[in-house]
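**Q** Let chain A serve as the given structure and place chain B on it in line with the hints.
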Amino acid sequence: MKIALVNGRLLDPENETLNPGGVWIADGRIVSVGAAPADFTPERELDVRGAVIAPGLIDLSVHLREPGQEHKGTIASETAAAVKGGVTTLCSSPETDPVADTPAVIELVRERAQAAARAKLVPVGALTRNLDGESLSEMYALRQAGCRVVGNGTRPLRHSLVWRRALEYAATYDLIVFVRPLDEWLAAGGCVHEGAVATRLGLPGIPASAETVAVAQILALVEEIDTRVHFSCLSTRRAAAMIAAAGADGLPVSCDVAAHQLHLSEADVIGFDPMVHVMPPLRTAADRDGLRRAVAEGTVTAVCSDHQPHEADAKLDAFPDTAPGISALETLLSLMIELTAEGVFTLPQAVARLTLGPARVLGLSTGRLRPGVPADLCVFDPEASWRVGESHWRSRGRNTPFWGRTLKGRVRCTLVDGRVVYMDPE
Amino acid sequence: MTSALQLDDSGRLRHFLTIEGLDRVWLERIMDTAASFGSVAEQKVKKVPLLRGKTVVNLFFEPSTRTRTTFELAAKRLSADVLNINVAVSATTKGESLIDTVRNLEAMSVDMFVVRHGASGAAHFIARHVAPHISVINAGDGRHAHPTQAMLDMFTIRRHKPDFSSLIVTIVGDILHSRVARSQIHALNTLGVAEVRVVAPRTLLPVAVESLGVRACHDLDEGLEDADVVIMLRLQKERMQGALLPSEHEFFRCFGLTRQRLRRAKPDCLVMHPGPINRGVEIASEVADGGHSVILEQVGHGIAVRMAVMALTMGAVQG
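One line per chain: the protein sequences are A and B, in this order.
Position 241 of the first sequence, counting from 1, maps to 241 under this note's numbering, and the rest follow consecutively.
Position 66 of the second sequence, counting from 1, maps to 1066 under this note's numbering, and the rest follow consecutively.
Just chain A, with the same shape it has in the complex (with noise of 0.2 Å):
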C-alpha cells in the first residue's frame, strides 16, 4: 500500500525542526520526507491539512495487565487506547499474573497484540522468576523468545548481590535491563512524599533518599559491570542528576521520567484524592520543576505515561489503601504539549522525548522521520483541545487526575508500519 501525507508540519526529532511538508509510505516504510519521490501513486492519500507529522510515540512503561488481571485493562483494550494517544510502540510491564518470566506468556502477549493489530509491543521480561527478587528468570530463553529488556517492574530485588548477579547475567546476554530504583525500606509503609504535607495529613512518607539511595547502589554495580541500564519513572531531580552525571563519567546509562511528574507534585495530595496516588510518589514542587528542566536539556531523554489502568473499586478507598497508578496512555502527548505552551521545552523537545529518546534506549530504528524507517507516525494537531472523559476514551482504567480537564493536542491519526490504526472520529 502506497499512502501520501500531505500539507504537514514535518516534526524531525534528530534536528528539533519543525517544517512544511508530506511524508510518502510504501510496503510499510517510509520512502521520501519532505517532497515527494518521483513516479509515486498513492493509493491513499490523507491531507493532514496543517498538523504535525511526527515519529509515533514510544512509551517505555506500560501496564497492560493481561493476562491475569483483564478487569484492569486487556492488551485490546490498552492498545487501543495507546494508539489513541499517537503510541505506535510499547514496553509492556512483566508484572502480569503469570509474570512474564517465561518464553510462554511472551509469546502470549505477543500473540494477542498482534490479534489486536494496533501497536507494537517490545514486552520486558521478568528480571527474576516469578518477580520474587531472589532467583534469576532464564534470560536466555526470554532472549531467545525475542526479549530485549528485562526489569523486575515495582517489585523489589532482596539484597545488592542479587542485583550484582541480575545485571551480571543480563549482560550476557545483552539484554538491557530496566530499573524503577525504590530502595523498599527506606520507602516501607509510605504512600506520599516524606515532607510537609505528608506530615499535614499524617500520611507515612517515601523519603526522596528512597529513590537515590538505590541509583545509587545500581550506579555502583553498574561502574563494576558494564550493564546497560535504563532507569524508569524517576520522581526526584537529585537522582536525575545523578543519572546524568554518570552518564557523562560513561557510565551505560539513561532514564525516563512519568508525564505526570512534570505536572503534579505533593501538594496535589491535599485533599487526599487517590487518584494523585501514584509510586514513584509525586515529590516536591522543586522536583517537578527540576525534572522537567532535565527534560528540556536531555538528561532526561524519554518521558513515558507509566500508564497503570485500574477498575473503579481500586481507587474507591482511603486514600493509602488504594492503587497507585494513572491510566495515563491518551494524556501522554498532550500533557506533554501543555508544558510547551508553558514555555518548559519547544514542541519539537517534546516530541524527540517521546519518540528518538525513547527510541535510542531500546537500540530501535523507529521514531525519527527517515526514508528506510518503519512508517510508525503520529500526525496530531497541538493547537486543538479536547476534553479527557467518557467520549473516545478507550482504556478500561479511568483512574486519572486529569479527567474532566480539557488539553491541548489532539491525535488526528496513527499509523503503525503504514497502516493507519486510528482515526479522530471528529
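Hints in this document: simulated from the structure, not taken from any laboratory.
These figures come from a predicted structure and were not determined experimentally.
Some hints here could point you the wrong way.
[Said to hold, decoys possible] Pulled a few chain A residues facing chain B out of the computed Cβ check, cut under 10 Å: (1) Ala196; (2) Gly202; (3) Leu203; (4) Pro207; (5) Ala241; (6) Gly271; (7) Phe272; (8) Asp313; (9) Ala318; (10) Pro320; (11) Asp321.
Positions of the beta carbon are idealized from the N, C-alpha and C atoms, including for glycine.
**A** Same frame as chain A, now just chain B:
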C-alpha cells in the same frame, strides 16, 4: 483544602473531620456548646432530647475503649440510638470493602457515622461518599486527625486558662505517629496561643514539622521552660521496634515527665495526656496523679465536647 468538605455552602458544620480550616469562631462555638451541656451529667436523668429518633453508628476499624465509650455516652445523653460496630473483627476480615460497609449501614437509615480508621483520610473518604443527610465525625484517622480529642483538650485548657494568647504549650513524645498532636497543633494555633513546642527525638518528629506552626526541641528541659500547658503523648510499645528508639528506659530518661523536670514549667502549669497513660514510660506516676494533672478532667470533658460536635453537625443546636 482538607476541610472544605466539612462546611456546607452556608457555612454550617456538616461533618467534623479535622480542625484544620475551621476558624476561631467555630472552635469557640464548639466549646461554648460543650459548656452548655456540662450540667446534663449532673441531672438526675442525664439526657436531653436533641437527637431523639436519630441513629448514630460508632464505626470503629481500630480497637478503642475510651473514645468509643465517650462517643456512645455522648450520643445516648442526646437521646440518640447507638449502634456500635467493631469492624476490626467483622466485615473487612471477611473481605468487605470500606465503601461496602458504609453503604450497608447507610441502607439502614442511619444519621451519623463516628469513624475511627487506621488510614489517614478515611473519614474524608466516607464523608465524600455518604448520602447528603448523613454526618461524619472523625474519631481518629491514621496519623492525620483526631479533632474531638483536640477540642476536649482545648476545652480543658480554657476552663483553667481562658486567655489563650499568653500560653506556651509544650507537646512531648511521639509526634510522628500522633493524630492527636496534629489536631492539637491546629487548634492551639487557631486559638492564637503564644507558642506551641514539640519535644521528641528526631526519629519521632515528622519532617518539616515546623511547617505546622511549632518550634521543635530535642531537649525536654528546654521545651518545658516557662510552659503553661504540658501535653504528654502516649508512647506505643511497638515504637521500640523498627529502630525508632533504643529502649523505654532511655526514652523515659530523656523525655519522661517527672516532678523534678516539671519545675522548669510555670508554677501553675497544667499537665495533660490523651490517655491511656504508660506510667514510667512517658510520665511518672507522681506527675500523672499530682496536683498539676488534669488528665481525668479531660476524660469527663470528652463527653460534653462530643455531645456538642454531634448536636452541631446534626443541626440540633444553632451553629
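**Q** Taking the hints in turn, state whether each one holds.
**A** Structure-based check of all given hints:
This hint holds: Ala196 (chain A) has a C-beta 4 Å from the nearest C-beta of chain B, less than the 10 Å allowed. The interface hint given for Gly202 (chain A) holds, since its Cβ lies 3 Å from the closest Cβ of chain B, which is under the 10 Å cut-off. A distance limit of 10 Å between C-beta atoms decides the matter here; for Leu203 (chain A) the minimum to chain B is near 5 Å, and the interface restraint holds. Contact between Pro207 (chain A) and chain B, as hinted, is supported at the beta carbon level, the nearest pair being about 8 Å apart and thus within 10 Å.
Annotation: interface hint on Ala241 (chain A) violated; nearest CB of chain B at approximately 21 Å, more than 10 Å. Interface hint at Gly271 (chain A): satisfied, since its Cβ lies 6 Å from the closest Cβ of chain B, which is below the 10 Å cut-off. The criterion of a C-beta within 10 Å of any C-beta in chain B is met by Phe272 (chain A), whose closest approach is roughly 4 Å, and the hint holds. Here the hint on Asp313 (chain A) is kept, as its CB sits about 7 Å from the closest CB of chain B, short of 10 Å.
Interface hint at Ala318 (chain A): satisfied, since its Cβ lies 4 Å from the closest Cβ of chain B, which is below the 10 Å cut-off. Restraint check, Pro320 (chain A) versus chain B: the minimum CB separation of about 5 Å is within 10 Å; hint holds. Restraint check, Asp321 (chain A) versus chain B: the minimum CB separation of about 5 Å is within 10 Å; hint holds.
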